[in-house]
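S.K.: Chain E is fixed; fit chain C onto it per the hints.
These protein sequences, in sequence, are chains E and C. The numbers in the first sequence follow my numbering, run straight up by one, and end at 400. The numbers in the second sequence follow my numbering, run straight up by one, and end at 400.
Just so you know, these hints were derived from the structure itself, not from any lab. Quick reminder that beta carbons are idealized off the backbone N, C-alpha and C, glycines included. There's no promise every hint is true.
[Claimed, not checked] A short list of chain E residues far from chain C (calculated; beta carbon distances all over 10 Å):
#1 G122
#2 D173
#3 D179
#4 S188
#5 Q278
#6 V357
[As the list claims (entries may be wrong)] Computed footprint of chain E on chain C, listed as stretches where at least three residues anywhere in the stretch have a Cβ under 8 Å from a Cβ of chain E:
#7 107-120
#8 386-400
So the chains spell out like this:
2 protein chains.
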Amino acid sequence: MALVESLAVAGTSRILLAVLDGLGGLPRENRTELELAATPNLDRLAAKSSLGLLVPIEPGITPGSGPAHLALFGYDPVEHQIGRGVLEALGIGLEIKHGDLCARANFATLGEDGKVKDRRAGRIPTEESTKLCELLQQKAGRIEDVEVIVRPGKEHRFVVVFRGEGLGEGLADSDPQHDGLVPLEVSSVQPGADKSARVANAFIARCAEVLKKEPRANWVLLRGLACRPALQSFAERYKLKPACVAAYPMYRGLARLVGMDILKTGETWSDEVATVRQNVQKHDLIFAHFKETDKAGEDGDFDAKVELLERFDEDILPKLLGLKFDVVCVTGDHSTPATLKAHSWHPVPVLVWSRHVRPHACSMAFGEQACGRGSLGTLYSRQLMGLLLANGLRLKKFGA
Amino acid sequence: MALVESLAVAGTSRILLAVLDGLGGLPRENRTELELAATPNLDRLAAKSSLGLLVPIEPGITPGSGPAHLALFGYDPVEHQIGRGVLEALGIGLEIKHGDLCARANFATLGEDGKVKDRRAGRIPTEESTKLCELLQQKAGRIEDVEVIVRPGKEHRFVVVFRGEGLGEGLADSDPQHDGLVPLEVSSVQPGADKSARVANAFIARCAEVLKKEPRANWVLLRGLACRPALQSFAERYKLKPACVAAYPMYRGLARLVGMDILKTGETWSDEVATVRQNVQKHDLIFAHFKETDKAGEDGDFDAKVELLERFDEDILPKLLGLKFDVVCVTGDHSTPATLKAHSWHPVPVLVWSRHVRPHACSMAFGEQACGRGSLGTLYSRQLMGLLLANGLRLKKFGA
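In isolation and in its complexed conformation, chain E is listed as follows (with noise of 0.2 Å):
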């Protein structure tokens, strides 16, 4: 990765990262989503790209949104771990600042033994724990010099995010992860996560105060306490002035972590497109996400993300291509097959089309199978940047 960085340079080239979330999938009848789809114009793109197959971690390795995304940046996943904190507070739109220390929490029933009875107060509905999200954001929105921000996600769950300085990370969960056990301090477990440790503990106590008379929802749990990592920004690292188009808050979160511009959009694949329109000379890179192809997967909806994946190839993909971008890529941030319900570990196709690629020059619809013959050959995600470049021309020479 240093060696890209150092290699780097601005250019007038503009490049396209299309990721479709979850594309890669398992055969039903031996065919896979994306090679029983129709998609001629993602086929005929496929002629004339490079054609491979992305490991998003390593061989085996099954990867979340985060990681999975970090790779594609070109960061490395596992240097480079977020937090369930952080990926939480990004995944409800939350914008995280550096040095920010930020907690899954739960609304959770103390019983009068001091033990708990539900760590999910009955799974209380969104609408009552808004309330008591707003009523705590209220009168337990500042510990010592640290502000604190509270938001409801849903259910019994919600977000805390600890704005202050000197507050490290390295601290152990106060969710005993099961009911009838006494909650746990928020404790320090590296140096430097002692003031972390005291300020989310009096919150706790606060919010402890203020619920008392809650007849389920009367403590707190804290998890997954973690700041937001600290990564090189994407336009630094390359050389190139990024945006995000997404329409889900996780994505734009991720993409927020590595400094990308963050491009309103709306809900849907349309609103996607006219965004990426609106702002394709602004940008030297967009990364444009579509989500609903890997729900279809976790759903085992086979013929839904079938359909999706037609529906990218028809509407989505010739009015993203009419835009002229130098370097297009499609690809995907992992696998999630519909036979099996969940991101999987299998690699991701990925097409690379410029006008300086080696084509494909292959019959085969655009898949599994022609991706595995691809002169691209199996890589890592984190190895995709330092390849979109160098199609950018963006990439001086290693050495003389």
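M.R.: Here is chain C on its own, set in the frame of chain E:
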């Protein structure tokens, strides 16, 4: 590797790792041994499996059996090197304990001038050296507080194991490598090996005393002194219960180094299959080793290797598949092309079957060419275990 280990969870799936020693080959008239062999069962399995090529160590590196197997087991073979003495001891079936110091030994002839006249004592017959080893075991079986185990090998070769407290490694050989030179003292080249050197030299002196009237074998030379490497156990690393079925002692020894259960078996492939069958329900992973393919390669006997592969396909594979493993891997530890009469650096065909693979769906026979186009791509042997665990649904997701 630490990543796989951190994500491994216990499960109920069962994994077969079938290793045909020296499986990979080179073509004679355009086809390798494996490509020429008629292997309808392997071919059928390959069509519903993922194929690839395994690089045992690094491109161009020809491995011995020790590092090649450690890599298949998922251990970094460069980081964890197995001393020659240890390998020799494993090869004759000696059980080595943690802290044991092992040496390869030769009977030699020392001239009256104190110089080595023959480093191999005229290659004395095995029966003769066996008797001498028994004598040394009696007369030199203890040095200071150290137990000494002496076991014959072939002809002039034998193995010595020193068992006791504080026997560090880092010792230079006593073998001067050429006839006509004075035998060396064993000397310590690392701190912590002083006692080892003292004991080894005392052993040599004791042997000289015992053997002084022998016409040929009147001296012993020690080489490759090394301790058993400290390897994390396979069971702990991967959260499963592994067993080894191998007719040859060396491979049982290598499996024992990583803490596999060693199953008693006979000398033939059929014996091995019977042992697998009897134990299939008691273990999560069975490593089954088939030696003869490597021997045929080393003998330069292309046709014999072809025949052995056909026999594996006809007699052995169907029985193994009948045992309903959830994950089946067929591969080799390294290539042993008959045309080279030796181990080689060429990547090794690998086939991974489970319900969760992307099938190869190609009509080509299982072989080097087909595997070179397989969806697994070319990966390192040490990455295989992660894939097998993934296919057995035994790895948690990395990150969220």
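S.K.: May I ask you to check that G122/E keeps its beta-carbon over 10 Å from the closest beta-carbon of chain C?
M.R.: Nearest chain C Cβ is 25 Å from G122/E, so the label holds.
S.K.: Please settle this one: Q278/E was flagged as non-interface, so is its CB more than 10 Å from every CB on chain C?
M.R.: Fine: 32 Å to the nearest Cβ keeps Q278/E off the interface.
S.K.: Between the segment 107-120 of chain C and chain E, see if three or more residues pass the 8 Å beta-carbon test, and mark the coverage as holds or violated.
M.R.: This one is violated; 0 residues, fewer than the three required, reach chain E with a Cβ under 8 Å.
S.K.: For D179/E, is the shortest beta carbon distance to chain C beyond 10 Å?
M.R.: For D179/E, whose nearest Cβ neighbour in chain C is about 23 Å away, the distance exceeds 10 Å, so it holds.
S.K.: Beyond 10 Å from chain C, beta-carbon-wise, is S188/E?
M.R.: Since the minimum Cβ distance to chain C is about 22 Å, S188/E lies beyond 10 Å and the statement holds.
S.K.: Closest CB-CB distance from V357/E to chain C, is it above 10 Å?
M.R.: holds (19 Å)
S.K.: If you look at each residue in the segment 386-400 of chain C, do at least three have a Cβ nearer than 8 Å to any Cβ of chain E?
M.R.: It holds, with 12 qualifying residues against the three required.
S.K.: According to the definition I'm using, a residue is off the interface if its beta carbon is farther than 10 Å from all beta carbons of the partner; does D173/E meet that for chain C?
M.R.: Per Cβ check, D173/E is outside 10 Å of chain C; nearest 15 Å; holds.
Violated hints amount to a single one, hint 7; each of the other numbered hints is respected by the structure.
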